[in-house]
Structure formats: structure tokens, C-alpha cells
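2 protein chains.
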Amino acid sequence: MSFRKASLNEFSIIEKYFSTLGKSKGVSLGAGDDCAILDIPSDKQLVTTVDTLVETIHFPSNSSPSDIAQRSLRVNLSDIAAMGADPHWFTLALTLQTANEEWISRFSKALESDAIEFGCTLVGGDLTAGPLSITIQVFGTVDKGKAIKRSGVKEGDYIYVTGSLGEAAAAVSLFEKSLNSTTPLPKNLIDRLHNKFYRPEPRIKEGILLQNIASSAIDISDGLIADLSHILNSKLYGANIEFKCIPYANFLTDIADHKLIQKWVLSGGDDYELCFTVPKKHVALLERMIASKKIQACCIGQVSINSGIRCYDDQGELLNITKSGYQHF
Amino acid sequence: MSFRKASLNEFSIIEKYFSTLGKSKGVSLGAGDDCAILDIPSDKQLVTTVDTLVETIHFPSNSSPSDIAQRSLRVNLSDIAAMGADPHWFTLALTLQTANEEWISRFSKALESDAIEFGCTLVGGDLTAGPLSITIQVFGTVDKGKAIKRSGVKEGDYIYVTGSLGEAAAAVSLFEKSLNSTTPLPKNLIDRLHNKFYRPEPRIKEGILLQNIASSAIDISDGLIADLSHILNSKLYGANIEFKCIPYANFLTDIADHKLIQKWVLSGGDDYELCFTVPKKHVALLERMIASKKIQACCIGQVSINSGIRCYDDQGELLNITKSGYQHF
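These protein sequence lines map, in sequence, to chains A and B. Here the first sequence stands for residues 1 to 329, numbered as in my numbering. Here the second sequence stands for residues 1 to 329, numbered as in my numbering.
Isolated chain A, as found in the complex:
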């Protein structure tokens, strides 16, 4: 590892672009040896997650190297956030068809910018020849016993989501040119959607705030219904949620009809907001944090003993929803 088995035979590129990205504590030995060596404080546990992004599956093939780099890191940081943990380090396994130095330079620059923003250090990795794909593994720490696990969910818990949903799915529709908007979208809207897809905001601050409040949490990558199911399935629970309580940006109504918006919001995925459950005893505290703008979140429903997720529309009618997560390109 540590960028050693370079079938591209580009040791100099590795050294130039990937040896010192970001700065954080606890790195006893970074990139450049067989392994990285990391120090975990004795009052912490290690949390770790890995996600692979494959060209044309997880991002369109015309994506820029900086867009790819930042999305690849952020989707992983989002998993760390969903545990209520703090990210510190990451490794990068990068597979590239050719060692195009300009591409690598732009990828590395964008990755560094995010590494610094989120307090992460690149501590090693691997560069191989092959079809474009990016596997990032992020390492973080959490106070012992304080991680938010899915299995903490209980019947009667209130269900919340952070931020707003649907825009990343709208971005995918835009990329796929499947938006039937009568007028072309203004540039600022296109940029906003583009950013929502490539630069989702990992809710790290929110995750840490929720450590002593949430009974369970997940980041919404596959879609609200699919990801909420992952939480509920850990205990064979169900849920009742109300569509009118789920936040989405107003401007979506300018570019899509109500049915498409429902699809984006409920099963679109890729927003990387947190969906979390809160026991009744902590709801008042959370609502005070929401009122004082410490955290942006909305209650969308409640966990029930009856399995399955029932989503009601404004008229109290049951919506016909699909549980399946979003299928990429």
C-alpha cells in the first residue's frame, strides 16, 4: 500500500500529488511505507467506512476530476457523520485508465481542499491501472460507547431528517436530460443542483450534536424510504411518515410536477442528509436546538410496531411508495 504497487509506474506522480494532503493529529506514519500507523486515543473507539465510486455507475463519465474527488470523499465522510463520529484520516485507492498528470493534479487539488475543510489527512493508498474508480476509506474516532447505531431505534421514536431532500435526484434528472422543463433552467439553479450532487454536505457537526439525543441514524444515500428501512429493519419495526413534513427546496416546484418531486424526495437518494430517530424524552431538547438554529432538522413521522413504511399525503391518503433505493446511471 501507500501508493507502492503502482502498475502505472508513476511513483513520482504519487509523491508529487498524494503524499501530503490535509493535516490532522494522530498520524505516526503517513503515506510512503507499507502501512500507515495511527494513534487512537485511549478514550476513543475507531470508526471506519469504505465506499467505491465507479465511472458511469456513480457519476457521469463527463464529470470533472475535482467533482469526482470531492464527491468520493464526502460520501464517505457522511457515513462517519451518521455514527456521530469525527473524521481524521483517509486512504485513497485510485484506479485510472491512464496517468494523465493534468487530471491527477486537478483531482488532488480538490481532494486536498476538502481534506483541509473536513480536518482529514490522506495517510496512504494505492494507484492502479484500470477502468476509472475511486475507493476511499475514512477513519474517525468517537467517544467510547457514544456512537449512534441503527439498532438503537425503539417503537414510538420520532423520525427526523436534516436539511432538505430531493435536489441531488433532481441533479441526476438534469444530467440525464430527463427534465421536462418548458424553459431552460437559469445558470444559478444548474450550479446549485450540480453542487448538491457533487458536493453533498457531510453532516459531521450535526452527527456529533446528536450523540446523546438520537437513538439511531443513517445518511440518506439510497433514498429516504430505503435508508429509513435499513434503520427499521434492524428491529423489524415500521413507520408512519407525512409527506408534507419532509423539507424540500421551493424551487423544485418550478422544474417538476408534484409526482416527480415526491419520487425525488422519497426515493431519490444522493442528498446525504441524516435521517435519525429520537426517543420522546429527548424531543424537547432537540426542538430547542432546532429553534436556536444549532441544527436544521424536521420531524417527519414516528416509528411504529407495524412493519412497513406508510407515507401519507396532504389529504391523509396513503402514497404508493417504492422501497427500492435509487439506481445510478
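It is possible that part of the hints are untrue.
Because identical chains cannot be distinguished in the list, a pair is counted as satisfied if it fits within a single copy or across any two copies.
[Claimed, not checked] Heads up, simulated DSSO-like pairs for lysine-lysine below, C-alpha to C-alpha not over 30 Å straight-line:
| no. | residue 1 | residue 2 |
| --- | --- | --- |
| 1 | 280 | 16 |
| 2 | 187 | 281 |
| 3 | 244 | 109 |
| 4 | 235 | 109 |
| 5 | 235 | 25 |
| 6 | 187 | 25 |
| 7 | 23 | 144 |
| 8 | 144 | 25 |
| 9 | 16 | 235 |
Derived by calculation from the structure, the hints in this document are not laboratory data.
Start from chain A and add chain B according to the hints.
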């Protein structure tokens, strides 16, 4: 992570084949949540490494799923061994064209067998659709300050290798049908070469034994000369080595001429033996361990202040060697 963003949409396959592979201590939360949670003892440091294997680049496209699984895990375990560390956990990011259940079942079975043999637990991962590639990240621990780093090398240190070299490169020649043997190889030889390539022995026991003896170590993946260079370059040293001291299996002389054997041994790579350096004061102890069969290793030369690696043949003549590592398929 934890096999969640499954573009293959095969949550059931993940649960069936990848949720409980291997058993080791320290797993507070394994596969099935956003992150794994691991406990690192307070007297230990975390060591971690990642390697990607891409079809046709790192293994032939007709490789069996069990061969691919075991090579993917072992090349990573070998990096842990080169630090003198103990492997405990791993994650698997698996990219597959199609979710062929028979293939996945055979892959998983072989991975489990090695996970148990080497005391590792699969704690999470990611399953995505795309061209076949396997990224494994292994996590281990080492007593604080006891890891063997490349930068520990000093002028005058003796250079050793474990086991014997060249057979994995011979296997690659066999796969590429570039062996000019007059008679077909007997089946037991073919099996032996096949195993050397797909099931290299990670030198974990040896690495741990060398913790207080070796000043530096590396696993030979790219080739002896290339990997020894990685150690020496950390201090801008050079080395003098003798070809006659480098161990290789006798039977190689039956299937290749001296020149080809030299190439396999010096720059073939893929054997995953350890190359390590030993200060003079520890040589006697190491030689006693070798004599008592605690470790199988040979001294092949010495670190010099003059940069570059000089390899001498039996007649004391300088060999014309290439520094470049082995290029895969």
C-alpha cells in the same frame, strides 16, 4: 458503507455471503451499519493498508473467484507483516459486472477460509456494479513504537530476504504461455506455481519476530530490486548484493535458463517475501533464529553509502539489472 450502497441491489446476497466472515477480538460493531466500530488496546497503534486488484492488470481474467479472493486478502496481509504488525480486521470493496451468486459464493467461501487462517474479521465494505476489481483494506495493531519502518535503515546494515524468490514470476510466465520449456510441466509443478501466485504466504509470524531485530522491512511485491530501492531511497543509500546468495527453488533451472531466472528473482515481484535490513549488532541473534528454524531467511548483501544497487554474479561481475518493478498483465 457496510455494504449499503449496493447498486447491484443485492442486499440479501451481502447479508448471506459477507456479514460474518472470520472472528477476531475488538469488533464493537461489524458489517451492517454506516461504519464499523473497532476497539484499539491503549498500548497499541493501529496499522492499516489498502490494495486494489483489477482484472487483467493484477490477475488473469480466467482466474477463479477463490484464487482472486485469497490473493486479494493475502497481498494486503503481507503489508501488515512488513510492519511487524498483527492483522485483525478488514473491509472489502467489491466491484462486479453482475451479481452471479455462484461466483460470489465461491469468492466468499475462500475469503472466509483465509480470514479464519489469518485471524481476521470482515467488518464492512461496499458492493458496486462495474468492471471486476477488489479493494481490500486490512487493519492491524502493533505495540506502540515497535513497527518496522523503512526509514530505520542504516549504512552497513545487512540485507536479508525470507523464503525464496522467483516462483510467482515464473507463474506469470506460465499464465502468459511465454515459457519455452521443451517438455510440458508436470501437474504438481503447475499447481505449485499457481499457488505461489494466488496464495502467497504473508510473513506475519516472521514480521513479528523481526520487530526488535530489523531496522527496516518491505514486502517484495514489485520485485527485489524495486522494493529494496524503496527502502534505500528513504535515506538515499545504495546496496551491494550477491546473486548467488539469493534463494530460489532448484526446479526453476529445469524450466528456464539462467538469464530468465535472474530476471524472475531480481525483478519478478509477486512473491510477497520480506526484504529486511539488520544492524550488525543484531545479526548474531538473527542467525541463531535462522539456525534453529524459527525463521527462514538469507543474507544477500549490505547497505552502502553509495546510491544505486549493485548485484554481482558468481564470478564477481556486475549484473545489468533493471530497477523497474514488475508490470502486470
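Now for the hints, and whether the structure bears them out:
1. When the C-alpha separation of residue 280 and residue 16 is checked against a cutoff of 30 Å, the pair qualifies neither within a copy, at 53 Å, nor between copies, at 35 Å.
2. For a Cα distance limit of 30 Å, the shortest separation of residue 187 from residue 281 qualifies neither inside one copy, at 45 Å, nor across copies, at 70 Å.
3. Proximity of residue 244 to residue 109 under the C-alpha cut-off of 30 Å is found in neither arrangement, the shortest distances being 41 Å within a copy and 47 Å between copies.
4. For a Cα distance limit of 30 Å, the shortest separation of residue 235 from residue 109 across copies, 28 Å, qualifies, whereas the shortest one inside one copy, 43 Å, does not.
5. For the identical chains of this complex, residue 235 and residue 25 are inter-copy neighbours only, at 25 Å across copies versus 37 Å inside a copy, given an alpha-carbon limit of 30 Å.
6. Proximity of residue 187 to residue 25 under the C-alpha cut-off of 30 Å is found in neither arrangement, the shortest distances being 40 Å within a copy and 54 Å between copies.
7. For the homomeric pair residue 23 and residue 144, the shortest alpha-carbon distances inside one copy (24 Å) and between copies (22 Å) are both at most 30 Å.
8. Both within a single protomer and between protomers do residue 144 and residue 25 lie at most 30 Å apart by alpha-carbon distance, with minima of 19 Å and 16 Å respectively.
9. Proximity of residue 16 and residue 235 under a CA criterion of 30 Å is satisfied inter-copy only: 18 Å between copies versus 49 Å inside one chain copy.
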